[in-house]
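Top to bottom, those sequences are chains A and B.
Residue 166 is where the first sequence starts when you use the numbering used here, and the numbers rise one by one after that.
Residue 166 is where the second sequence starts when you use the numbering used here, and the numbers rise one by one after that.
None of these hints come from the bench; they were simulated from the model.
It is possible that some hints are incorrect.
No copy labels: a pair is met if it fits in one copy or bridges any two.
[Said to hold, decoys possible] EDC-like, lysine to aspartate or glutamate: derived pairs with alpha carbons at most 16 Å apart:
1) K483 with E258
2) K483 with D378
3) K202 with D512
There are 2 protein chains.
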Amino acid sequence: MRTVNVDLGDRSYPIYIGSGLLQHIGEYFKNHGISTKSPLMIVTDDHIAPTYLSSLESTLSAAGYESVSKIVKAGEPSKSLTVFEDVMTTAIEGGLDRNSTVIALGGGVVGDLAGFVAASYMRGIKFVQVPTTILAHDSSVGGKVAVNHPLAKNMIGAFHQPELVLYDLDTLQTLPPREVSAGLAEMVKHGLIRDGDFARWCREHSSELVALDPDALGYGLERGCSIKADVVSQDERENGLRAILNLGHTIGHAIEAVAGYGEYLHGEAIAIGMAGSALLAGRLGRDSSIYDETVSMLQSLKLPVTMAAHLSTDDIIKAMMHDKKFREGHMLFIIPESIGSVSIVKDVPVQLVRETIDQLREGGEVLV
Amino acid sequence: MRTVNVDLGDRSYPIYIGSGLLQHIGEYFKNHGISTKSPLMIVTDDHIAPTYLSSLESTLSAAGYESVSKIVKAGEPSKSLTVFEDVMTTAIEGGLDRNSTVIALGGGVVGDLAGFVAASYMRGIKFVQVPTTILAHDSSVGGKVAVNHPLAKNMIGAFHQPELVLYDLDTLQTLPPREVSAGLAEMVKHGLIRDGDFARWCREHSSELVALDPDALGYGLERGCSIKADVVSQDERENGLRAILNLGHTIGHAIEAVAGYGEYLHGEAIAIGMAGSALLAGRLGRDSSIYDETVSMLQSLKLPVTMAAHLSTDDIIKAMMHDKKFREGHMLFIIPESIGSVSIVKDVPVQLVRETIDQLREGGEVLV
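Take the sequences, apply the hints, and build the full model.
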């Protein structure tokens, strides 16, 4: 088993990564002071529930924990205030009290939704992440939880750190290939922003990663979580450094919003966004090899690097104006300086962004 | 002008109490580092807006601040997730960014709603309270913000401290008498829990307080805020001591819920709840003079001490079961030990609570 410690003072917590961890969840809970006196709530989705929910419920029950479960529909639309209120109803009817714990069993959507429920139920109760996707290695580190507003993604949320994260590699084995690649997008992103060697390792081991080889996957998740934990521990509430984690996200979020949530998987949109950031880097005078190498890494992980032809540049620019990466009305981008290093560039001219979006379109000419 | 400092480490903030403060809001904002570069949002209600909103907007504009305003309906039903989402829409459309500030212009409902918007918009932005009721002297100290769930009050919220509180006594002069008394209920509560002399001062100056005499009111608000600030600074997240602030609230919240929000003003329900707590104290062996003195204080401020005959004891007990003051299934009450001192009593027998509720009913026999 591998352990990554997220160092946040009295809000520090461990991420356990390994096979078969879920069978021992009761021991982990007891070691982390989660009481059997207050009911737990498991939040999961209808893709995950058939395979894992009843066994999780039995394991918890055998360990002396009482729990209620809430199954939401899989997918981004569940990150709405309506579903949020439904989950709150289950919590209240289940008798959750201030010492209760919410367990997120699922991917990023379930983690974000259940995490914001935990952050705001009775003004904040405990939270445990049990990620079942590769993508969730990103969202389960750092305590950012949120639901969407119809006008913008992740607009309503909190910083709420979990007590622990249990990453059972066995739950990843049934992921569809598209979701595997989408998850690996955030993994290689962590290399691109802080560790060029790790980004190159991802490309070299891309076939093992895509094939879900447990050794490669375990190492990749450990390294991805460690890089993110290192950034988050230096800037928990995203006042500065933490923004570098948004590499590819400004364009990526806008593409998701314009295409309609669900058209692109989050990781796919972010991959296109990272290709876009590398293009922007070239336009801002950085080495054009950054774009070439970024694209080869993304493609080795079977990720898209261009967006569908029907998406309009105007719509994408407009969607960006709602994005929270714009401080005080200026356009801010995370720009690669080399593979493994980025900088935060304020005041990127809109015209450059517009030209980059045009280039990102399928069939667009890529000139750096 | 009077100033109360709420001491919470790096989340400390001042409460300014005096006449004519709103005319100088721009100076206060600049002194507290609120930037003119990011738009502000004023949240208020349709009772307050006609009198104060346009002058606040002009004052802010003259000081160089751009702002958008959201007017919600006055009253508890505005503390819903639906209205919460509406306010978020105004914030997004108004272009609020991570450096923006939300101003709550109004009473407790507006403060709780706008505060939870500030706590969760982009995972937390700045917040300023401009209370326009006496009751809000309570809710504006301590950072507890929340909206209601259909099944239970204040169930969805956060701890989010304001940057500052501007208490302009001029805005209190138009309060209807019933709201004045309801506000004074929380003021005398602060005396009842921590300062018997102040509770007696409230009774002695009850006619000046009810008549909104600025000197008496200024002193009463300062002392009330100070007591609350003292408790909150010792226990920001309500892990222990802070629970004493809930004197009268367990019964009071249940009465509000059963009668239907809006039937009783919050302060009225809490006054009945405090009479109930004093009755419970007698049943638990405390001096019966506590009840007599509590009732005389509440009545001097023109507050009710019994509840309407049609409210059923069963319904009230059931509503309490949803109240968050029950840790791990036990019934917990704040019980007066004397005028000016309370204790937290766990495991109060339900039967005693039931008998107390029966006694609180109008025409019920009060035997202590």
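### Task
Classify it for me, K483 with D378: is the Cα-Cα distance of at most 16 Å met within a copy, between copies, both or neither?
This pair counts as neither: shortest intra-copy Cα distance 41 Å, inter-copy 54 Å.
### Message
As a check of your reading, is K483 near E258 (CA-CA no more than 16 Å) within one copy, between copies, both or neither?
### Response
between (42 Å within a copy, 12 Å between copies)
### Query
How do K202 and D512 come out at 16 Å by Cα distance, when the copy is not named: within, between, both, or neither?
Classified as between: cross-chain Cα gap 15 Å, same-chain 53 Å, threshold 16 Å.
In terms of the numbered hints stated before, the structure departs from hint 2 and from no other.
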